[in-house]
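Using the supplied hints, reconstruct the complex from the two chains, each of which is provided in its own coordinate frame.
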Amino acid sequence: MYQYNEVDQTLVDERVEQYRDQTRRYLAGELPEDEFLVLRLMNGLYIQRYAPMLRVAIPYGLISSEQLRKLAHIARTYDKGYAHFTTRTNIQFNWPKLEEVPDILAELAQVQMHAIQTSGNCIRNTTTDPYSGVYAGELEDPRAYCEIIRQWSTLHPEFAYLPRKFKIAVTGGAEDRAASQVHDIGLHLVQNDAGEIGFEVLVGGGLGRTPVIGKKIRDFLPKEHLLTYLDAILRVYNLKGRRDNKYKARIKILVNALGADEFRRLVEEEWEYSRGGELTLTDAEIARAKSFFKPFDYDANAAADTSFEQQRASDSAFNTWYERNTVDHKVPGYRIAIVSLKPYLKPAGDITDTQMELVADLAEKYSFGEIRSTHDQNLVLADVKKSDLYAVWQALDSNNLARPNIGTLLDMIVCPGFDFCALANAKTLNIADQINERFDDLDHLYDLGDIQLNMSGCINACGHHHVADIGILGVDKKGEDWYQITLGGSSREDASLGKVLGKSVAADDVANTLEKILEVFVEQRQEEELFRDTFKRVGIDPFKENVYAVAH
Amino acid sequence: MPLLINQKIVENDSWQLVDIEALEQLQDLSDADIQGDIIVPLAFYLEHRDQLLSRSGRLGLQVNGDDDLAALYAEQANVALIAVEFPTFRDGRGFSIARQLVRIGFAGEIRAVGDVARDRLAHMQSCGFNAFLIPEDRFSEEDLSAFAEVSVNYQGTVADPRPIFRR
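Quick mapping for you: the protein sequence lines, in order, are chains A and B. Its first residue numbered 1, the first sequence is counted upward by one per residue in our numbering. Its first residue numbered 1001, the second sequence is counted upward by one per residue in our numbering.
This is chain B alone, in the form it adopts within the complex (with noise of 0.2 Å):
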């Protein structure tokens, strides 16, 4: 799957999404088990909070609009990246998650993952997206062009968070 961080392809994402089957077999959470940077949903951090803190590796969480968002804003700061999860093309939860992100300061990857495609990049990215995963037969290299479909906005934008009546 196609990884787009800053308008560009990225072609190693040190990242990887631990299988919460997978996950749920281990025994031990410590490093000897997940190697790296790993993403877990966020209602199984919850459970294993200590033991996924004290490994090595960095720590991403996945939440989509059903997860409880008041939980995930109190443990920010223990996380490197944050996947938030577009279940439909049609669920726009995760611009309003990915905003609240910015606004309580998360400084890391916010990533659009699940339907994620072409036409809503440029809303993502305004939301504070910046890093977007593309399912492999959504993709193509024009989608790359498609953050400056439509080059003025009035709203503000995490990059500018004026309105038009402020610039």
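Bound-form chain A, shown alone (with noise of 0.2 Å):
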């Protein structure tokens, strides 16, 4: 992964200081609230309805063991000893002091971590697929660009104030784990007729109370041309981009009242003066980005182990598990195995201080020292040898996470909700419960196979409801958390917005609703369909007669 050279190093270092004195001078009251507000932001301190939150940046998902060990200390010493995972696969601290966070940041600088711009009207974390790097079929590891998009964007002096935030996103090939079309600028790696790998460029997806899926600018854009494309992209926003309504302030608003047409226009003229300049990127700062993401030195015997067959065959709970939860690597002997952050009755997401620990140590043991964090709020081993993962089981499994759930229905991405957001209108952890407690048959759930359900407690969002195979929305209804219930909506190469099921349903009723929404799946569904392909199929009628039919 990325070693923090001196610049690197002291930008993070002068960063805490900053900040620290922006914080001291707002507690003497030197620095108005509102000026502050915008500060601590691009520093990743919201205030949230009971306490701060501080949102702490995983770069592209990549994380040390040394850093989770650095988290769970913080965890333990400035919080209530856990933290939760997001879709942008940052981690935050629901707890922290507001004039211990200039503390908290000099602890994660000590372990190249920040906070910079995990908040705020600039540009966010950019994140790419979990799987970069160890899977068959990308074209590249996307995460070399990542990291030169990320010292790039990093307190970029032009774009520290956009009208909104800006999040991009990017795919070392066809397939999409990281939700890149409802991104800002989704990128995907491609090869030209020439034979050549350069960039797809989509701008204008996103979320929100105005779910737009991105709309593709470029076919192909050079790799040298990188940065002068995305500067010219952010300058037209900057200067066009909506400020008097921030509700209509992304890009995706901007894109959409000009055309892509019109928009691709700008760009291309603006891009006109950038274009083979200073930010085109060297052949010799691609191989240097590159270098910190080489192939591990892996165990050429790794695929003779015959000990892993067998455990399989004696233990049907890690042979089960093992089915789940891990995933094919591109090295035969080797398994990407995901570790669930999804437990019983516990918020998607959330991690204590021992667990992360826990992570830490088995892959140091176990995956050569790296964890990554992914959209959907799980935490991945990237590269175990089959034959050490009955015991990386075993060790999550006593730790509570190995629930054998990955991408079954209760693989939840969920939003904090009511109870830890201000903004929130509805909560969402106790509705994450009742589907919990309804849907516990894992064996039930093996046999609906893959369905994505994404749950948020507000239009804005955070949980991706609008982009899951069923997604849930919680609105106020005169005091009362009422449940909007949307279908057919996939993040995935096949990026689509759900369609809305009809009248919302009581928080009693979700689960119910979604019986009923299953049945009718199960009814319609022919062979080992995916509830995907069925609803395409079959639409939304027969679903929306189900669960809306009145009873005789």
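Since no wrong hints were added, every one of them can be taken at face value.
Quick list of simulated restraints, FRET-style, between CB atoms:
| id | chain 1 | residue 1 | chain 2 | residue 2 | range |
| --- | --- | --- | --- | --- | --- |
| 1 | B | I1164 | A | G276 | 11 to 21 Å |
| 2 | B | E1021 | A | E100 | 48 to 58 Å |
| 3 | A | A284 | B | D1160 | 16 to 26 Å |
| 4 | A | P295 | B | I1164 | 18 to 28 Å |
Don't read these hints as lab results, they were simulated from the structure. All values reported here derive from a predicted model rather than from experimental measurement. Yeah, the Cβ is synthetic: ideal placement off N, Cα and C, and Gly gets one too.
Structure follows, in structure tokens:
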């Protein structure tokens, strides 16, 4: 993984001291509240319903054992012993003290971490595929480009006060596990007819109250032009994006208003000035970035092991976990293991200090000391030898991290909702519990196949409810929590926005409604069809009819 | 209002921003009525261009992100100062305007006005601002050190356009 050099370290250290002084001036009354708000947000600090919330950056979801141990230490020392992973692959602490945040940041800087640009109207953490570098089928490891983007976007003097937040995702090939089409910019590594590798560029995707799928503005951008092209997009957005209404300030609104063709024309016009200029990437810089993401020194004999098959045969619980929670690795004899942060009746994405330390230890012992965080709020040990999987599973299982539910209905993306968030209209955690209680028969869930369920506690859609097979949106009706359900969304290659099923349902009726939806699916399903395929085939009407049928 | 140039306080600012209402009352925009170096809003300048250019004092234009920037850039050779207004703390359009002014070769003073205070001075300087007018109540002597709070940068700046990987 990337290692800080002196410049990286100096920047983070000085940013900590700068923020420490900003906090001091705020507490001394020298910095107005509204200015400090903007400055603290740019350093990841929100004021939530009950306390501040500090969001720490995990660039493109990659973290070392040492870093994860530091996060465990912070959770224990400055918080209530746990933290929460987000869909931007970052981690949030829910109870830090405002005046202690500079100290937390100083601790983070010791392990090459920070909270820079994890909030605010600036370029946020660039995300990517959690299986980067380890799955067959990617053109190149996208993380080198994520790191290049990270450096370019960090403390960018021109793009720190954009009309609204700005999110970039990069994929290494055709498969999309980064929800790239619902990002402000989605970059896909592609190969052109001449065999060269570059980027397909999408712009103007996003969720929130106006969900939009990104529009392609360029089929092929040669790699060396990556930053000059991003620079052109950002400058057009910074100058032309709306600033009169924060709900209409995202780039998606600008792209929709201008049309993709006119937006592309403006970008290309702006690009003419910088194309080929100083910001053009050099071969040496691309090679340098790539050098941090080389394949590990894998055991050439890993595939020869036979103990693993015996363990699968003799321990059915291990076998179930293996089938649900591990994924093919491109190197024979290795698997990608997913650490489920979706245990029974616990908030999705939450992790305790001791669990963090355990995962850090497992990574160090069995997965080259690295961990990835995923868009759907789990962790990944990306390089586990099959012969080590049993030991990994045992350790995870005894720490409530091995629930074999990855890809199932219970592998939900859930925002913290009203219990924590000041923006939320409705609770989400109680609904997630209700669903867990109702659908606790995992064999039944396996029969249903992969189903993505996402839930948000308000229209801002942090839980990405629009792009799930089943989306649940909490709404407030005269002081009561109600839930609107959408079906048929996807954040994958076939990105699409869910369709509203009908009028919202009462809080205690959500699991019942899901049952009715799944009844229709089972009835209409052909053979082993996935929910999304059945939905595409039969449309929303049969679901509507069953859910809203008048009882006789 | 303290004016910072080259990270020092400038005691005598020769420029005055002329009140638009006062300007509109005037019969004649020649030196008889307004003396010295004046800054006028771009829109007013575009209406009274020839008269304003016939004056002997120097001329500056004030703009913000709502103005017709193409018109500004077309006139840059006629003026000695461009004051870019930050209407609110959150409005970051001025950063890009400064960048574009530098790019088209504007060699005069690029002055940050409006909501200008310590925590954005370094970014402003990187983008091409070379003068900073700070409201009295937001100024402190310590602001002079704000330019060096973060001593490294990944991006190019106006002083050194090379990004880190070309240095």
